[in-house]
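Number of protein chains: 4
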Amino acid sequence: MTKHFFDNRYGTGQSTLDGIIRLTDMLLAGKNVVVAGYGWCGRGVAMKARGMGSKVIVTEVDEVKALEAVMDGFQVMSMTKAAALGDLFITLTGDIHVIDKHHFKLMKSGVVICNSGHFDVEINVAALSKMAKSKREAKPLVDEYVLSNNKKIYLLAQGRLINLAGAEGHPASVMDMSFANQALCAEHIVGNYMKMDKQVYDVPARIDKNVALLKLKSMGIAIDKLTNEQKKYLSSWEIGT
Amino acid sequence: MTKHFFDNRYGTGQSTLDGIIRLTDMLLAGKNVVVAGYGWCGRGVAMKARGMGSKVIVTEVDEVKALEAVMDGFQVMSMTKAAALGDLFITLTGDIHVIDKHHFKLMKSGVVICNSGHFDVEINVAALSKMAKSKREAKPLVDEYVLSNNKKIYLLAQGRLINLAGAEGHPASVMDMSFANQALCAEHIVGNYMKMDKQVYDVPARIDKNVALLKLKSMGIAIDKLTNEQKKYLSSWEIGT
Amino acid sequence: MTKHFFDNRYGTGQSTLDGIIRLTDMLLAGKNVVVAGYGWCGRGVAMKARGMGSKVIVTEVDEVKALEAVMDGFQVMSMTKAAALGDLFITLTGDIHVIDKHHFKLMKSGVVICNSGHFDVEINVAALSKMAKSKREAKPLVDEYVLSNNKKIYLLAQGRLINLAGAEGHPASVMDMSFANQALCAEHIVGNYMKMDKQVYDVPARIDKNVALLKLKSMGIAIDKLTNEQKKYLSSWEIGT
Amino acid sequence: MTKHFFDNRYGTGQSTLDGIIRLTDMLLAGKNVVVAGYGWCGRGVAMKARGMGSKVIVTEVDEVKALEAVMDGFQVMSMTKAAALGDLFITLTGDIHVIDKHHFKLMKSGVVICNSGHFDVEINVAALSKMAKSKREAKPLVDEYVLSNNKKIYLLAQGRLINLAGAEGHPASVMDMSFANQALCAEHIVGNYMKMDKQVYDVPARIDKNVALLKLKSMGIAIDKLTNEQKKYLSSWEIGT
Numbered sequence: 035m036t037k038h039f040f041d042n043r044y045g046t047g048q049s050t051l052d053g054i055i056r057l058t059d060m061l062l063a064g065k066n067v068v069v070a071g072y073g074w075c076g077r078g079v080a081m082k083a084r085g086m087g088s089k090v091i092v093t094e095v096d097e098v099k100a101l102e103a104v105m106d107g108f109q110v111m112s113m114t115k116a117a118a119l120g121d122l123f124i125t126l127t128g129d130i131h132v133i134d135k136h137h138f139k140l141m142k143s144g145v146v147i148c149n150s151g152h153f154d155v156e157i158n159v160a161a162l163s164k165m166a167k168s169k170r171e172a173k174p175l176v177d178e179y180v181l182s183n184n185k186k187i188y189l190l191a192q193g194r195l196i197n198l199a200g201a202e203g204h205p206a207s208v209m210d211m212s213f214a215n216q217a218l219c220a221e222h223i224v225g226n227y228m229k230m231d232k233q234v235y236d237v238p239a240r241i242d243k244n245v246a247l248l249k250l251k252s253m254g255i256a257i258d259k260l261t262n263e264q265k266k267y268l269s270s271w272e273i274g275t
Numbered sequence: 035m036t037k038h039f040f041d042n043r044y045g046t047g048q049s050t051l052d053g054i055i056r057l058t059d060m061l062l063a064g065k066n067v068v069v070a071g072y073g074w075c076g077r078g079v080a081m082k083a084r085g086m087g088s089k090v091i092v093t094e095v096d097e098v099k100a101l102e103a104v105m106d107g108f109q110v111m112s113m114t115k116a117a118a119l120g121d122l123f124i125t126l127t128g129d130i131h132v133i134d135k136h137h138f139k140l141m142k143s144g145v146v147i148c149n150s151g152h153f154d155v156e157i158n159v160a161a162l163s164k165m166a167k168s169k170r171e172a173k174p175l176v177d178e179y180v181l182s183n184n185k186k187i188y189l190l191a192q193g194r195l196i197n198l199a200g201a202e203g204h205p206a207s208v209m210d211m212s213f214a215n216q217a218l219c220a221e222h223i224v225g226n227y228m229k230m231d232k233q234v235y236d237v238p239a240r241i242d243k244n245v246a247l248l249k250l251k252s253m254g255i256a257i258d259k260l261t262n263e264q265k266k267y268l269s270s271w272e273i274g275t
Numbered sequence: 035m036t037k038h039f040f041d042n043r044y045g046t047g048q049s050t051l052d053g054i055i056r057l058t059d060m061l062l063a064g065k066n067v068v069v070a071g072y073g074w075c076g077r078g079v080a081m082k083a084r085g086m087g088s089k090v091i092v093t094e095v096d097e098v099k100a101l102e103a104v105m106d107g108f109q110v111m112s113m114t115k116a117a118a119l120g121d122l123f124i125t126l127t128g129d130i131h132v133i134d135k136h137h138f139k140l141m142k143s144g145v146v147i148c149n150s151g152h153f154d155v156e157i158n159v160a161a162l163s164k165m166a167k168s169k170r171e172a173k174p175l176v177d178e179y180v181l182s183n184n185k186k187i188y189l190l191a192q193g194r195l196i197n198l199a200g201a202e203g204h205p206a207s208v209m210d211m212s213f214a215n216q217a218l219c220a221e222h223i224v225g226n227y228m229k230m231d232k233q234v235y236d237v238p239a240r241i242d243k244n245v246a247l248l249k250l251k252s253m254g255i256a257i258d259k260l261t262n263e264q265k266k267y268l269s270s271w272e273i274g275t
Numbered sequence: 035m036t037k038h039f040f041d042n043r044y045g046t047g048q049s050t051l052d053g054i055i056r057l058t059d060m061l062l063a064g065k066n067v068v069v070a071g072y073g074w075c076g077r078g079v080a081m082k083a084r085g086m087g088s089k090v091i092v093t094e095v096d097e098v099k100a101l102e103a104v105m106d107g108f109q110v111m112s113m114t115k116a117a118a119l120g121d122l123f124i125t126l127t128g129d130i131h132v133i134d135k136h137h138f139k140l141m142k143s144g145v146v147i148c149n150s151g152h153f154d155v156e157i158n159v160a161a162l163s164k165m166a167k168s169k170r171e172a173k174p175l176v177d178e179y180v181l182s183n184n185k186k187i188y189l190l191a192q193g194r195l196i197n198l199a200g201a202e203g204h205p206a207s208v209m210d211m212s213f214a215n216q217a218l219c220a221e222h223i224v225g226n227y228m229k230m231d232k233q234v235y236d237v238p239a240r241i242d243k244n245v246a247l248l249k250l251k252s253m254g255i256a257i258d259k260l261t262n263e264q265k266k267y268l269s270s271w272e273i274g275t
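Each protein sequence line maps, in turn, to chains A, B, C and D. Once you know that position 43 of the first sequence is 77 in this note's numbering, the rest is easy, because the numbers rise by one and skip nothing. Once you know that position 28 of the second sequence is 62 in this note's numbering, the rest is easy, because the numbers rise by one and skip nothing. Once you know that position 48 of the third sequence is 82 in this note's numbering, the rest is easy, because the numbers rise by one and skip nothing. Once you know that position 45 of the fourth sequence is 79 in this note's numbering, the rest is easy, because the numbers rise by one and skip nothing.
Source of the hints: derived by calculation from the structure; they are not laboratory data. Wrong hints could be hidden among the right ones.
To be verified - If you anchor each label on the Cβ, the simulated ranges turn out as follows:
1) B:A256 with D:S270: 42 to 52 Å
2) D:L140 with A:K169: 27 to 37 Å
3) B:S112 with C:G254: 14 to 24 Å
4) D:A161 with B:D154: 15 to 25 Å
5) D:L140 with B:L247: 52 to 62 Å
6) D:K135 with A:K259: 32 to 42 Å
A virtual CB, placed ideally from N, CA and C, is assigned to each residue, including glycine.
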């Protein structure tokens, strides 16, 4: 949980936008920003982009996440519809060819496309290359593709992770939690490997709590503790209306 | 999930603030609003209150949720510290005596206290009554307690659910999802009870997806579907950087 | 200024949404809310509606305000385009027939229309009546107009001020500033009428400052004062890069 | 207006945070960010920082602006009080020594201080130098001052404009409006200088409208125009409630 919440949601949100701004010097306020994927990373980017004044459009294949994005106040539509509206596209789905050949055809000239998901497969760069009559490096890590109708599409970091390529990855103040998490997990494994099978385990909740507590302490934040009366109540559930 | 997300997060958020405004006619902008509990309901209320211009303080006993509230931009502190700052207190913890005798002592005169959690036990009303030298109904469902130092504390709906007492509960457009969910669950049970044990089951993901899809359709929103290429990719995980 | 800022921006924002929710019990999250006019009142409503999870569309006739709405992250378009998208329409322009006959024709069935501007002329109610094959009061202050194609349009408070009709007007905690302002202005006139011509005067900045200071004090908020060094700097402008 | 709104509010907001992130790689989510000054620039930075998940504290000397910040949901307090809480301080006041000797004394170790106002006088760098027992360049443009109690204070860009020093100034998509504005003003002066006195003139509203209209067009956004009926209404003000 501390990995997901803090590393992905908060870390990716800031570092993705940071990477885009560094490479393009684009003002986010007023822009149509299309965020593909509304998982932890996607919602982090969507929230931050809205915080910077962008009009955010979310695309999703999962119905529940799509509805959640709607209820969070985002425009939700298919990529086919979003393709014609977006000024900036960011993919964070973990899936392949989320922006594909038929989407490039629908885009406005001058759009910027990038990926902040897991791999470099989310944007179909091969299709874009094939469609383009020319390609040049407009700036380092900014490739300009000119399509047959002179429409220009700017691809950042060749479709690789924008927050690693364009910025400095996750800020240190987030990564400390990931590393603390990993360190405590390693410690846990060392202490418990005799009891463990060869399979993937979830991070024990105890470790997550510990990492969060250490982080809160480092921020000078003290929170409430359950009183005995409250613990008793939670375990009994006997009172109430 | 559709129950949690939409009923609690979005429904409770709006109806809680609605109930408070109806009973008190209080302007939320600029007020210190203390939200006890950062579960689905609590974060819904916290987000909405911020959206109305309040300065929101969150209290939590869970370290991970507390840290999440911090990273979402809320002030997080113990109730003891928050008690002296708040203008409005809303409890949504599911636990007992979250606002207790020693908290009342620290509050400013004129504060408003209410509960939007599960039962009427979150605020220690008995302790408040005992501390008060007088009590009167200032308005329907608004009880004014005068403490020995003439400090006034306003308790809404006797500490019962403010969104049911003060407003009209969840808006119909949220409850339709809950009811759809329950109807489809009932149908599921009818069709599968022979295979089911006497225990609590999670709502099948299929039903959640279905409810979300119906809701999206009713809003005229179409989303993407996985292509065959994407399905294959997701099930293989063989390509990548 | 204290009148504009606080009465209109903050007061109207909350009381308009409050009025709508009381009359319709509509969940704002996920809805397309069209706000006509981006003056003090309009932006207050737009911000608050976004804070409640709505997707907000702004219409404006003023280019600068329209651009400002874009840069604040709102969708901006003509009413003709917005008419087909909106679930809820709120007019705050101070002008006539902002929602007119040709807009009603484009709307979806089930939309809600209301006015929070100065008078009851912003919505062309006469045209709507003429177009409708039937009209009934669905609930108090909620009129259902059925058009020839069985499309239903719900008009709140007959197009009169929704925040006065549906809610309780401006919250007391905002109106106190307006009244303080008016009282201090009256005092100012009493003390200065000998020097004043028969014309409209702006509220003296001194009074605005005074009202704001009193309000801050009542909130327990202390702010910085200019030091002598700072006053001197501001009046000289001699140092700098 | 187009200069103020778009250059300062939106441009400064993004470029200031961009500059800070580039120099420090600090995660803004969860941080206490103190914004000194709530003018156009200050509120732009405050809004954007909140959008990135920061807990924002505003300091002001003007009562009306201070109250506005409160009503916008920000914590408002004196710099003396804020000094002890902040993780990051940004000055945008246009005044001298807004962060002064007695403020440095109250700060936590590890805080970051920078200026995004007009000159390099807002932070009393001379006083900080005098208080420090040592100073070193931790990174380019990041000076680490170690005070007598080993407390560390990080000053960015020697107190000069952070958005020019650390980032690339205003994004091109904002500056185009400023330049368009200046070009149209120059044209206006060429055409009208015979009628003009030697004094400072406001930019004619006509030019602002023109710049905004051109920008909206470039974004593909069309807005409503006043109908004849509406123009007549606005000039008459004879109808109404």
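Note whether the CB distance of D:L140 and A:K169 lies within 27 to 37 Å or breaks it. violated, 55 Å
Looking only at beta-carbon atoms, does the pair B:A256, D:S270 fall within the given range of 42 to 52 Å? holds, 47 Å
Falls inside 15 to 25 Å, the C-beta gap from D:A161 to B:D154? violated, 56 Å
Does the Cβ pair D:K135, A:K259 satisfy 32 to 42 Å? Holds, since D:K135 and A:K259 (Cβ atoms, about 40 Å apart) stay within the stated range.
Verify the CB-CB distance for D:L140 and B:L247 against the hinted window 52 to 62 Å. Since D:L140 and B:L247 have Cβ atoms about 56 Å apart, the given range 52 to 62 Å holds.
Could one say that the CB atoms of B:S112 and C:G254 fall in the range 14 to 24 Å? Cβ of B:S112 to Cβ of C:G254: about 20 Å, so the range 14 to 24 Å holds.
Violation of the numbered hints given earlier is confined to hints 2 and 4; the remaining hints are satisfied by the structure.
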